Amino acid sequence: MKKLLVLLGVFVVTVQVQAQALLGGQVTGNFQIDAQVSKQDSSIGAEDVPQKLLSNVFANLLYTNGGFSAGIRFESYLDPLLGFNSQYKGAGIANKFMSYQNEMIDITAGNFYEQYGSGLIFRSYEDRNLGLDNAMMGVNVKVRPIDGILLKAMVGKQRYYWDYGKGLVRGIDGEFALNSLIKGFEESKTRVTLGAGFVSRYEDDQTILANDEYKLNLPLNVGAGSFRMDLAHGNWGLQAEYAMKSQDPNVLNNYIYKWGDALFVSASYSKKGLGINLQAKRIDNMGFKSERTATGEMLYINYIPAMSKQHTYALMALYPAITQVNGEMGIQADVTYTIKKGTLLGGKYGTTLKLNYSQIMSIDKQALNDSTSIGQKGTDGYTSDFFKVGDELYYQDFNMEISKKLSSKSKLNLTYAYIAFNPVMENEQGDIHYNNVVVADYTYKLNNKNVIRGELQWLKSNIEYFDEDKRSGDWLMALVEWNFTSAFFVSVSDQYNYNGSKNHYYNVSVGYTHNTTRFQLGYGKQRKGLLCIGGVCREVPASNGLTFSLTSSF
Amino acid sequence: MKKIFNIIAVALVVMFVAVSCDKIEENDYLIYSGSSGDWTDGARVSNTEQRIFVEKYTGVRCVNCPAADTAITKLQQQYGHNLVAVSIHAGTLAKPWSGYEDLRTEVGDAWYGYFGIPSNPSVLVNREQNNGTWNIITDANAIASAVEATMGAETQVAFEMSSAYDDASRSGIVTANLEFLKDVEGELTLTLVVIEDGLEGKQKTPQGDVEDYVFNHVFRMAITDLWGTDIDADGKRGTCREGKIKFALPEQYVAENCHIVGFISDKNTKYILQAAETSVK
Numbered sequence: 000m001k002k003l004l005v006l007l008g009v010f011v012v013t014v015q016v017q018a019q020a021l022l023g024g025q026v027t028g029n030f031q032i033d034a035q036v037s038k039q040d041s042s043i044g045a046e047d048v049p050q051k052l053l054s055n056v057f058a059n060l061l062y063t064n065g066g067f068s069a070g071i072r073f074e075s076y077l078d079p080l081l082g083f084n085s086q087y088k089g090a091g092i093a094n095k096f097m098s099y100q101n102e103m104i105d106i107t108a109g110n111f112y113e114q115y116g117s118g119l120i121f122r123s124y125e126d127r128n129l130g131l132d133n134a135m136m137g138v139n140v141k142v143r144p145i146d147g148i149l150l151k152a153m154v155g156k157q158r159y160y161w162d163y164g165k166g167l168v169r170g171i172d173g174e175f176a177l178n179s180l181i182k183g184f185e186e187s188k189t190r191v192t193l194g195a196g197f198v199s200r201y202e203d204d205q206t207i208l209a210n211d212e213y214k215l216n217l218p219l220n221v222g223a224g225s226f227r228m229d230l231a232h233g234n235w236g237l238q239a240e241y242a243m244k245s246q247d248p249n250v251l252n253n254y255i256y257k258w259g260d261a262l263f264v265s266a267s268y269s270k271k272g273l274g275i276n277l278q279a280k281r282i283d284n285m286g287f288k289s290e291r292t293a294t295g296e297m298l299y300i301n302y303i304p305a306m307s308k309q310h311t312y313a314l315m316a317l318y319p320a321i322t323q324v325n326g327e328m329g330i331q332a333d334v335t336y337t338i339k340k341g342t343l344l345g346g347k348y349g350t351t352l353k354l355n356y357s358q359i360m361s362i363d364k365q366a367l368n369d370s371t372s373i374g375q376k377g378t379d380g381y382t383s384d385f386f387k388v389g390d391e392l393y394y395q396d397f398n399m400e401i402s403k404k405l406s407s408k409s410k411l412n413l414t415y416a417y418i419a420f421n422p423v424m425e426n427e428q429g430d431i432h433y434n435n436v437v438v439a440d441y442t443y444k445l446n447n448k449n450v451i452r453g454e455l456q457w458l459k460s461n462i463e464y465f466d467e468d469k470r471s472g473d474w475l476m477a478l479v480e481w482n483f484t485s486a487f488f489v490s491v492s493d494q495y496n497y498n499g500s501k502n503h504y505y506n507v508s509v510g511y512t513h514n515t516t517r518f519q520l521g522y523g524k525q526r527k528g529l530l531c532i533g534g535v536c537r538e539v540p541a542s543n544g545l546t547f548s549l550t551s552s553f
Numbered sequence: 000m001k002k003i004f005n006i007i008a009v010a011l012v013v014m015f016v017a018v019s020c021d022k023i024e025e026n027d028y029l030i031y032s033g034s035s036g037d038w039t040d041g042a043r044v045s046n047t048e049q050r051i052f053v054e055k056y057t058g059v060r061c062v063n064c065p066a067a068d069t070a071i072t073k074l075q076q077q078y079g080h081n082l083v084a085v086s087i088h089a090g091t092l093a094k095p096w097s098g099y100e101d102l103r104t105e106v107g108d109a110w111y112g113y114f115g116i117p118s119n120p121s122v123l124v125n126r127e128q129n130n131g132t133w134n135i136i137t138d139a140n141a142i143a144s145a146v147e148a149t150m151g152a153e154t155q156v157a158f159e160m161s162s163a164y165d166d167a168s169r170s171g172i173v174t175a176n177l178e179f180l181k182d183v184e185g186e187l188t189l190t191l192v193v194i195e196d197g198l199e200g201k202q203k204t205p206q207g208d209v210e211d212y213v214f215n216h217v218f219r220m221a222i223t224d225l226w227g228t229d230i231d232a233d234g235k236r237g238t239c240r241e242g243k244i245k246f247a248l249p250e251q252y253v254a255e256n257c258h259i260v261g262f263i264s265d266k267n268t269k270y271i272l273q274a275a276e277t278s279v280k
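Keeping their order, the protein sequence lines are chains A and B.
No gaps in the numbering here: position 22 of the first sequence is 21 in numbering that gives the first Met the number 0, and each next residue is one more.
No gaps in the numbering here: position 30 of the second sequence is 29 in numbering that gives the first Met the number 0, and each next residue is one more.
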């Protein structure tokens, strides 16, 4: 262990270099090392790790010279951390690109990330925490022929761990800022941007049996198109996007031929001290991957925006909303209001109230006829009334947060959430979990260099503990964190499943930050669960052991 | 200039959108795929010989095709049952003569298109690839050396078949027995087809048109899907599986002249690992 720390120390020193000039350009980069040691712990379901040490490493190198840039990303998963797909196992250059841009055109050859609109038809992105990287390998072109018009076109294949998906993905997109394009509209308080995109996937034919004697007649080219608008007028804002997808029998929708569609609407109002955001979405058969037989988190061409609050407190995030690409209808309302300081409720420093409500339901699905079951393979699947809400509740979250600065040295956040979670969201059976969660988060500044923060969390569930689901039952959590000298921190926490498995999930971690380098070492237990970001989730298996991470940039 | 740019841009977008999604009519969602069979644990396979599969793409209007027939017939005499040959009539040179039977098939056309057969005759041995392209032999004189180079490889999967056929119903069951002699990675499929010998018809030859040319091992139909049915096995050495696959013979085929050819291939690469042949009756 000592040797390891020395080695890491040497590494920290060696990466403390500044951006370097090379051939008249600049070289920048960053590193990230995450490593894990875990031992068997049958009480929490942690399995033995025969390799003893697991690590994920990323290193980016970027060269820029005027409008030209080129970069590579080295990745190694030797072997992948627990919860990351074993197909990542290996090391090498996972991402490479070069691009040139000027005022009119932007061309990238190699790996690239791109998004059309809100992503309903196309979003290529990376989320390292989720083990997700659907980078494109191909060519991406953006053209600004005149002020107010942005045109995009791309072609490529998607990353699939250390390989590329079989499907060929092509896309075009146009965005038109009307205020720049229409004479006399330039100075208007109303700002309007319209957009439209189209993405197509080609994949070779293959044999997928519908029954013993018949196979599916598969569409080799699947298209998805969308229209969108972004409207702003003073304090008001409105964004909307509607997308459709052509016949795309795939493993996610059980190989049905129904067209898919999606609607996403977001309206907002904001002024000093008040922010209101209302959102609604309807998704029907919009799972769009570059391989029709692909499951898991990789090879998604599109992205369905989440419609619930992304909780950061551990027990509130215990039951996250998971996007249902085959069908869901959701609404969300989010209000932030700051009570002015100097008032009865605002006190000396003011008080911020946050209210958030979201509800996600199934969509209406009716059988095509008496002899065809809903979603039957090789059929149109079902019919659905666009405006009719389905009977099944997937997710409901009402939460409120009060943030109050109590004095010049102390601050208190109180949060309450009522979360209903249907296990069908993660393809499990069972009753809906109804949870009440309360969190108190108190921060006290001892002096300019010492800050102590404490959290107390309590979750009360209607579902009694059962072993297959290590998170069921009731929970308590406490955390104490001490930041000192602005560079070090120590954190101690415990999650206790007091009405359930009686397991303690304690964690101790220490961290150090110096300029752009951060090192963190932790020891403790990780409970089995889901890590979700924006409705996209990764299973995290139970573990018991050491974790350390190092990030640095230059 | 700007107008031309706009017109081109709009035309490209319309073209792209128009051609970039396929529409399948509701009545065409399902297509006949052939039998997939029932799989159970099987007995060990006594015959562990490695056989090779030679598929020849031919046509009645192809003047050089008889030379390929002769070459393959000689090789069959040399290698006996270790060479399994199928003759597929496909491509423009396979267009039938007026008054003669059309020997082309949908499956044959599909393979012809998939493998990018440039002309007739063309021969594939075990559907091998060379640097990512299909190793297509178009010279009849080169068939023997290609077969020789492939012959003698180590057997990975031992394979034998038998057929139980009922004359009255013109239907039967093929029993396919497999034994994995090595660990085999990848998904495997079993393709069963019917071939027929002794068909007479008109064939173009270097000496002129021959009215009573005898066509042998003519591909007639696929019993399974053209890319085969999934082999329900884990691919581990020692695994023995038995598949029972039903078939029915159309009226126009003479059962006594028909044979069933089976080949085991990698689902993704299409490479053929093993082949076998048995009489229908």
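The hints are simulated quantities; they were obtained by calculation from the structure and are not laboratory data.
Note that the structure is a prediction, hence the values are computed from the model and not measured.
Note that the Cβ used here is the ideal one computed from N, Cα and C, for glycine as well.
Errors might be hidden in some of the hints.
Said to hold, decoys possible - Just the calculated beta-carbon pair ranges, DEER-fashion:
| hint | chain 1 | residue 1 | chain 2 | residue 2 | range |
| --- | --- | --- | --- | --- | --- |
| 1 | B | 268 | A | 274 | 39 to 49 Å |
| 2 | A | 365 | B | 39 | 38 to 48 Å |
| 3 | B | 268 | A | 372 | 49 to 59 Å |
| 4 | A | 522 | B | 129 | 36 to 46 Å |
| 5 | B | 30 | A | 515 | 24 to 34 Å |
| 6 | B | 140 | A | 370 | 29 to 39 Å |
| 7 | A | 384 | B | 12 | 26 to 36 Å |
Structure-based check of each hint:
no. : hint                      : result
1   : B:268 - A:274: 39 to 49 Å : 57 Å, violated
2   : A:365 - B:39: 38 to 48 Å  : 40 Å, holds
3   : B:268 - A:372: 49 to 59 Å : 36 Å, violated
4   : A:522 - B:129: 36 to 46 Å : 55 Å, violated
5   : B:30 - A:515: 24 to 34 Å  : 59 Å, violated
6   : B:140 - A:370: 29 to 39 Å : 59 Å, violated
7   : A:384 - B:12: 26 to 36 Å  : 32 Å, holds
In this structure, the earlier hints numbered 1, 3, 4, 5 and 6 are contradicted, and the remaining ones agree with it.
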